[in-house]
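Colleague: If you're matching them up, the sequences are chains E and R in order.
Heads up: the first sequence begins at 1 in my numbering, then just goes up one per residue.
Heads up: the second sequence begins at 1 in my numbering, then just goes up one per residue.
Derived from the structure by calculation, the hints contain no laboratory data.
There's no promise every hint is true.
The list treats identical chains as one, so a pair stands whether inside a single copy or across any two.
[Said to hold, decoys possible] Capping the alpha-carbon separation at 27 Å, the derived lysine-lysine pairs in DSSO-like fashion look like this: (1) K309 with K76; (2) K176 with K309; (3) K309 with K276; (4) K237 with K209; (5) K309 with K237; (6) K6 with K176.
Note that the coordinates shown come from a computational prediction; the quantities given were computed from them, not determined experimentally.
Number of protein chains: 2
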Amino acid sequence: MTELRKDPVLGRWVIIATERSRRPSDFTQEERRPLGGFCPLCEGNEDRTPPEVLAFRDNSNPPNSRGWSLRVVPNKFPALRIEGDLDREGDGVYDRMNGVGAHEVVIETPLHHESLATLPLKGVENVLRAYRERVIDLRRDSRFQFVIVFKNHGVAAGASLEHPHSQLIALPIVPKRVAEEIEGARDYFQYKDRCVFCDVIRQELQQRKRVISENETFVSIAPFASSFPFETWILPKSHNPNFALGYVDPFRGPFPYEGAAQILQDVLRRLDLVLKDPPYNLIIHNSPFPSRDKDCYHWHIEITPKLTKMAGFEWGTAFFINPTPPEEAAEYMREAR
Amino acid sequence: MTELRKDPVLGRWVIIATERSRRPSDFTQEERRPLGGFCPLCEGNEDRTPPEVLAFRDNSNPPNSRGWSLRVVPNKFPALRIEGDLDREGDGVYDRMNGVGAHEVVIETPLHHESLATLPLKGVENVLRAYRERVIDLRRDSRFQFVIVFKNHGVAAGASLEHPHSQLIALPIVPKRVAEEIEGARDYFQYKDRCVFCDVIRQELQQRKRVISENETFVSIAPFASSFPFETWILPKSHNPNFALGYVDPFRGPFPYEGAAQILQDVLRRLDLVLKDPPYNLIIHNSPFPSRDKDCYHWHIEITPKLTKMAGFEWGTAFFINPTPPEEAAEYMREAR
Chain E
1 MTELRKDPVL GRWVIIATER SRRPSDFTQE ERRPLGGFCP LCEGNEDRTP
51 PEVLAFRDNS NPPNSRGWSL RVVPNKFPAL RIEGDLDREG DGVYDRMNGV
101 GAHEVVIETP LHHESLATLP LKGVENVLRA YRERVIDLRR DSRFQFVIVF
151 KNHGVAAGAS LEHPHSQLIA LPIVPKRVAE EIEGARDYFQ YKDRCVFCDV
201 IRQELQQRKR VISENETFVS IAPFASSFPF ETWILPKSHN PNFALGYVDP
251 FRGPFPYEGA AQILQDVLRR LDLVLKDPPY NLIIHNSPFP SRDKDCYHWH
301 IEITPKLTKM AGFEWGTAFF INPTPPEEAA EYMREAR
Chain R
1 MTELRKDPVL GRWVIIATER SRRPSDFTQE ERRPLGGFCP LCEGNEDRTP
51 PEVLAFRDNS NPPNSRGWSL RVVPNKFPAL RIEGDLDREG DGVYDRMNGV
101 GAHEVVIETP LHHESLATLP LKGVENVLRA YRERVIDLRR DSRFQFVIVF
151 KNHGVAAGAS LEHPHSQLIA LPIVPKRVAE EIEGARDYFQ YKDRCVFCDV
201 IRQELQQRKR VISENETFVS IAPFASSFPF ETWILPKSHN PNFALGYVDP
251 FRGPFPYEGA AQILQDVLRR LDLVLKDPPY NLIIHNSPFP SRDKDCYHWH
301 IEITPKLTKM AGFEWGTAFF INPTPPEEAA EYMREAR
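Using the sequences plus the hints, can you model the full thing?
Modeller: Here it is as structure tokens:
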């Protein structure tokens, strides 16, 4: 059974995946995945994934058959399982919990060789729409406190399948990294009565040194304290704590799918041009469900190309050495066309 | 000029290494280092490194010449520079500081193809002795608040040179990750009036499920909440907050070099046997200099083999998925001989 364990010093939870335990020989054998082999995410192979929980189809085909433009299915090898109640227990100084959660895969397109940079804009909009629908649905499950939406593009970024896909993981706790970000935003708000992200956006749009691109609803920047070369953030210009919630508010209007899809595709195309299709991680930074402190936070997307290796110094200190100043990265990105 | 920048949300500092700026083409060209080429750390090439700040020699040769068993030299391409005063300034919502610090390389042996696992025990003792002498010396510089000692072994772990070496970086601030660990230990101490690491050691030695090996002065374990497969900690059995300090205390006795060297080599040999010379990061976890909360902490060594890739989920949550339960890892490590 998968188990969550808490580090007694750092207070950080870890998933011990006892179910898909890996032995030493699994690591020492060269990890080479055959490219071009069978792909379970391609159209026509719908029976090779668990049954879909969401799909966009233009025709009247039944679920789990051909004719879709996007599918969401449970992960066949989930990090956390949907079944069971939350069970928490101690063992001396240690704390554990069983691994309850949800782990879903968003198959972004039926076409194996497309990407978010090459799809028609409507296709990127659909991906964002699927993220949002699934987050709203998972939120109904009271066992979950947070859903993370992320994408690993390329083997170096941790992708195990080549077919364009992203993932959602619903968690029974708010992860430490997320809590820290919420707390940072809350501390700033308490001191200044303003959102730190709104302040960052205002300053970036004035200074123009780190802006990559913008449209009516979003701006993309190379952040001031970039941890990685060519790290890029996409921020909604209007304050909104949660990616999935809050857009019913008449003052905030409907979710700006078109602006979000346009700038996301624009940024990924620029990255492809400047860095020749680099591996990257894309993460939606969002507020947790129990809406404490929700007004302080400002959802956004962070994209980090995987160009450097994390070594001992970074592990030991969480202090990153970035060899490309964000001002220079922004300039390369702005000029890419 | 290298610059430290603070993330306005997370409060985490980043080193923007403007001096050795890397352009997009530096990342897109395949990174292949010629193995077996010229090595600046080998004996006879003493003039190809900056002048040594420490060396162990058995003969009467002058500094920066042959005949050494260990040398410490400043890093030729330092992440931080030793010159200058600390200068802190704001820019709207942002904070920056100039990159003052020290970055040194411990050349562990004159022999290119040795390692900490194959050196004579006395050689490993010398490496620990050099770490300690340098930390004590750097501590005299009042600009520094923390020195991290670490080793990247293998290209996948971030090593850029093959010759056995470790590094020290002295920092003008206490890094966030270090502060969190100190705070976690302090919170536990305040609640229980006991050291959390002492409690962990006691429980591990009783349960024996995660113990790898022990001697009179040290124990090695696979930690309960291991973030990575085969993560290994080496803990001194007697409470001591700082690796370099506190051993003058008559109750604590002299620094147990022999026990530390013996168990470090034992652990590295077991890792080599089980995982066939894996890439790894080794980090000395230590308390900062200004001795706040110092009594709560317990210095130790953490070794993390680089067997899995960090992907979007881990970046976004600091929530690690470990496919090898530490109880199984400990069993493989115990049985290795």
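Colleague: Now look at each hint and say whether the structure bears it out.
Modeller: Here's how the hints hold up against the structure:
no. : hint           : result
1   : K309 with K76  : between (29 Å within a copy, 19 Å between copies)
2   : K176 with K309 : both (23 Å within a copy, 20 Å between copies)
3   : K309 with K276 : both (18 Å within a copy, 21 Å between copies)
4   : K237 with K209 : within (17 Å within a copy, 53 Å between copies)
5   : K309 with K237 : neither (32 Å within a copy, 33 Å between copies)
6   : K6 with K176   : both (11 Å within a copy, 19 Å between copies)
Hint 5 from the list above is the single one not met by this structure.
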